[in-house]
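J.: Residue strings, one per chain:
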Amino acid sequence: MPDEVVRTDRLCCSYRTGRVLEDISISVEAGDYVGIVGPNGSGKSTLVRALMGLCSINDGTASLFGIPCNRFNDWARIGYLPQSLHLRNSIFPATVAETVGLGLLSLKRFPRRLTRTDRERVDSVLEQLDVYDIKTKLIGELSGGQQQRVLLARALVNAPDLLILDEPTAALDPEMRERFYALIGEINRARQVTVLLVTHDSGAIGKFASKMLYLDKRMLFYGNFEEFCRSADMSALFGEHSQHLMCHRH
Amino acid sequence: MTMNIIEILSYGFIQRALLAGTLIAVLCSVLGVFLVLRRLSLIGDGLAHVTFGGTAIALSLKLYSASSLLVSLPVVMLSSLGILKLTEKARLSGDTAIGIVSALGISAGIILASVGGGYNVDLLSYLFGNILSITTQEVGIAAALFCVVLMLLSLFFNDLLAITFDEELARVSGIRTSTINAVLVLLTALSVVLAMKLVGIMLISSLLILPAVSALQLARSFKACVTLAALQGCCSVTAGIFLSFATNLPTSAMIVLLNLFFFSLAFLVRRYFHHKVKNSN
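Heads up: the sequence lines are chains H and L, in that order.
Numbering-wise (the working numbering), the first sequence opens with residue 568 and increments by one.
Numbering-wise (the working numbering), the second sequence opens with residue 1007 and increments by one.
No wet-lab data here; the hints were simulated from the structure.
Be aware that one or more of the hints could be misleading.
[Stated by the list, open to error] Partial chain H-side listing against chain L, Cβ under 10 Å, derived:
no., residue
1, Asp641
2, Asn725
3, Tyr789
Note that this is a predicted model, so its numbers are computed, not measured.
Even for Gly, the Cβ is constructed at its ideal location relative to N, Cα and C.
Just chain H, with the same shape it has in the complex (with noise of 0.2 Å):
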């Protein structure tokens, strides 16, 4: 039976305008590649951010690799794309190669140094999601797209088991946002990276994710895609020509 890399049970998160996510109850097994989807203010952020630890958990129970999420610290294993970054400050000093190098100091200890090594694994990291010729760039002066890249290479670097993104592709266009999922498919297949991934877009994700969670403050859904687009109630939902459209539009 494969690993068990994310649990809840019963889960439910408020904050002080009231319930945000009730009873959800998943398993994530190693390998698998999620799509957290649902509309706005449906809870998927906040279902991430409370396995992260981010958020208080009011009821039930979430553990990552077998670990209750509040004992949670082996940070080494977690790679994680949040939804914004404050990084719209073109002049933010940071270069790319400094940038992914911070990916790297949850595998320190205080001092917190990157060595000779450290620095050729962020080369190897920026080779591997074609950023490298940008790797003296700052930062802040790379379009949408290519920060999304370095972000994402800063969340690889560490060689993470689980890959955490937060609608990581709210600023792109249609088609950037496509080759970003198929990218992460390629990740999750060739590294065995088990993905969770949160966007609104669940026609578009469906097409590479291997389940789909979907979420309005409740779970309606979890399964495979053939299952999402086969079921009753995700028709009753959506309406059938809608359910069809999403399904279909690979």
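Based on the hints, put chain L in the right spot on chain H.
T.: Just chain L, lined up with the frame of chain H:
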């Protein structure tokens, strides 16, 4: 004006001012890069106002010159942690928390100055700074604290860079962000208290902000940014001391004006190269 540099350098008070001034300028400039990028630029101003209050307490206890640090250092360090706690626990933005602590510091200083009366003149010297009056003992304290701050900065450099880049990403890299934030504000508090004698309470924030923003105009990497900021800090203090001696104008204001000059220069250089690149495309 006719005095040559060797002659100026032969004065003990100039030697002390140059030594302490460059050490403090390096600290403020390097920390300034982190503070500006974290949008905490005005923390220097806030802590300087607290230093005013702390110094007023020290003077009321008849602690003068270097001895006043015994009071102002812990007061300012506690206040810096107070700013941090206010942003974390009271859900206030950084500038609001700085404003609250700053108002508290300055009002405490004014009340104590008004009650004490007799030490108003001493307190005024802290408002505008007087690096040329720095004592050997104060130079020793500045050098010791410089070593401590520089060592801590070097140990926590990558952690500080990580939280400056993105605090959430830093947390998911296993960095204890609350500890690193505390380190940053405590180092700033130490530097502000040291810089008080150099440029005075009124102008401290410019020593933290101006070298950093000049470096941000030109730097092509984070390490280059920190180095350029430190270089500008050193140059402005050294040139400022010589110029103020030669022109008989206040040293602190001269240092700040030189920093403004360097910033304008950096801004123009950046604009020039930006246009050149645009035209070549």
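J.: Could you run down the list of hints and mark each one as holding or not?
T.: Verification of the supplied hints:
With a least beta-carbon distance of about 8 Å to chain L, the hint placing aspartate 641 (chain H) at the interface is held under the 10 Å criterion. Using the Cβ-Cβ criterion of 10 Å, the hint placing asparagine 725 (chain H) at the interface with chain L is satisfied: the shortest such distance is roughly 8 Å. Hint status for tyrosine 789 (chain H): violated, given a least beta-carbon distance of 24 Å to chain L, over 10 Å.
Of the numbered hints given earlier, the model fails hint 3 alone.
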